[in-house]
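Protein chains: 2
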Amino acid sequence: MQLIDGKLTSKEVRKEIAAEVEAIKAAGGKIPHLAAILVGHDGGSESYVSGKMKACEEVGFKSSLIRYDDDVTEEELLNKVKELNNDQDVDGFIVQLPLPKHIDEEKVNETIDPRKDVDGFHPVNVGRMTIGMPAFISATPQGIMELLKRYKIETSGKHVVVVGRSNIVGRPMSVLLSQKGNPGNATVTVAHSRTANLKELCLSADIIVAAIGSPGFVKGDMVKEGAVVIDVGTTRVPAMDTKSGWRLKGDVLFDEVAPKCSYITPVPGGVGPMTITSLIINTLKSAKKEIYS
Amino acid sequence: MQLIDGKLTSKEVRKEIAAEVEAIKAAGGKIPHLAAILVGHDGGSESYVSGKMKACEEVGFKSSLIRYDDDVTEEELLNKVKELNNDQDVDGFIVQLPLPKHIDEEKVNETIDPRKDVDGFHPVNVGRMTIGMPAFISATPQGIMELLKRYKIETSGKHVVVVGRSNIVGRPMSVLLSQKGNPGNATVTVAHSRTANLKELCLSADIIVAAIGSPGFVKGDMVKEGAVVIDVGTTRVPAMDTKSGWRLKGDVLFDEVAPKCSYITPVPGGVGPMTITSLIINTLKSAKKEIYS
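Protein chains in written order, with my numbering: chain A, 1 to 293; chain B, 1 to 293.
Everything hinted at is true.
Which copy? The list can't say, so a pair holds if one copy fits it or any two copies do.
Listed next, the in silico DSSO-like pairs over lysine-lysine satisfying Cα-Cα at most 27 Å (straight line):
(1) K107 - K285
(2) K224 - K199
(3) K101 - K180
(4) K289 - K101
(5) K54 - K30
In case anyone wonders, no lab produced these hints; they're calculated from the structure.
Sequences and hints are given; from them, build the entire structure.
In structure tokens form, the structure reads like this:
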């Protein structure tokens with residue numbers, strides 16, 4: 001059994017990107033620039049955005065943080081989005097979710113220029129991904145694809161069971177892995193709450209992507225010998241022995257499942273550390289006009 | 001075994017829509033208006049577009065056909081698309097494919113206003129469909145969904161195997177059937193040329209959607225007793241005994257497979273007759289602002 005080390009891979013990717021930014025600088029090119037809009041003071045959002053800004057610093061990107069109080073109007077926010085759409089210096093930007101209830105998240109999302117939508121949530125990017133066109137892929141699926149690629153995990157002709165059909169993980173993973181490409185070309189089954197015989201289905205899988213948000217859902221008797229298991233779960237469960245009072249739990253019962261696997265992502269330290277790095281990858285792609293010319 | 005009669009269903013749907021148009025007229029409302037752009041004189045395209053125009057007439061829609069010769073410039077065509085985007089009277093329009101090689105089909109497609117994209121090929125509509133937002137669904141998948149709905153075929157919790165991953169059939173069918181909804185909530189596997197054990201996989205399916213374009217590909221020994229089989233194949237094979245010199249062949253070996261099925265779509269007369277009707281459904285939805293407000 002080999003652990004897929006997302007923390008290490010994330011570091012490696014960032015190092016490579018930092019070197020590329022150095023080269024761009026040396027050649028007198030424009031430094032990639034990521035902007036983030038943060039509304040309010042939610043603890044989770046604060047910490048996510050701060051992680052994103054730190055990652056920019058680490059790789060040598062320029063970053064901007066635009067803050068609004070909870071009572072910002074939708075119009076004001078939309079105007080800022082439009083301003084960033086037109087700002088030649090900004091290569092990509094994100095609006096940290098969730099937004100206050102009086103603001104229509106869908107409207108904000110659809111106002112972002114798809115060419116700067118490094119979060120990959122705009123319908124144009126989702127549509128282009130679905131059709132197999134170049135697109136910004138959202139953070140978690142892109143992080144998983146990067147891990148599969150770097151660990152040289154064969155997906156072609158393999159049976160992948162994706163447990164969960166969310167728009168941010170299950171759906172894009174099922175599309176990406178069944179498309180032509182490497183990783184890709186897998187036979188993919190999307191399973192969810194209505195799926196019958198989930199245990200048998202998972203037992204038939206060469207690769208399981210667990211993305212249901214139910215701690216310890218995938219148990220030892222659901223996984224065949226030699227399977228690859230990607231655990232996307234990140235549920236906070238109360239813990240007495242941590243400073244924060246909680247601990248991250250994956251969707252996979254690690255102790256039971258890991259011994260049967262050829263490869264497995266741990267939680268924490270597997271898929272999670274790749275997400276912010278995916279955003280950095282997308283910002284670089286945007287700066288280099290790799291997705292949209 | 002019950003035949004799913006697409007010809008009959010198509011007639012029924014058109015009758016219902018015709019009645020609705022009558023009611024709109026009686027109330028002094030605006031008559032739905034579909035426009036089509038046809039470039040060149042390809043026989044297939046001519047016949048498709050003429051079928052679409054006739055269907056409009058049948059249900060009482062207004063229709064417009066805009067013709068260009070093969071040597072129309074991309075700019076001229078794009079200008080017409082923009083004109084139709086802005087034409088308040090036109091509810092939806094299509095650009096009949098294929099286009100001559102000197103014209104970028106992708107560019108033309110992306111220039112169409114998604115709110116008038118009744119073919120459902122624009123990335124915005126594909127993206128919205130993938131996310132589960134209201135969207136124009138392209139003709140074939142929408143026709144299949146309509147058949148499943150009208151024949152009250154249970155899909156929830158069923159195992160669907162979609163053979164083929166094309167952007168126009170396999171991919172959207174796999175997304176739609178695995179989403180929440182009715183039809184929907186199925187456990188869907190996307191199979192394709194790289195799939196191992198396709199026979200065993202198909203044998204495990206409650207519902208098979210065959211969309212690979214390979215005549216007679218799905219054989220009797222690949223289908224379990226009581227399965228529902230949707231045949232999307234429409235390959236023209238030479239035939240001595242028809243006026244045209246060819247005959248449509250489905251992806252399913254009908255004579256072997258049909259006796260095992262609970263429901264099956266024949267070819268011709270199954271999925272095919274629903275496609276133009278789907279376009280009519282979309283145009284009505286656009287006129288009623290059901291997808292975009």
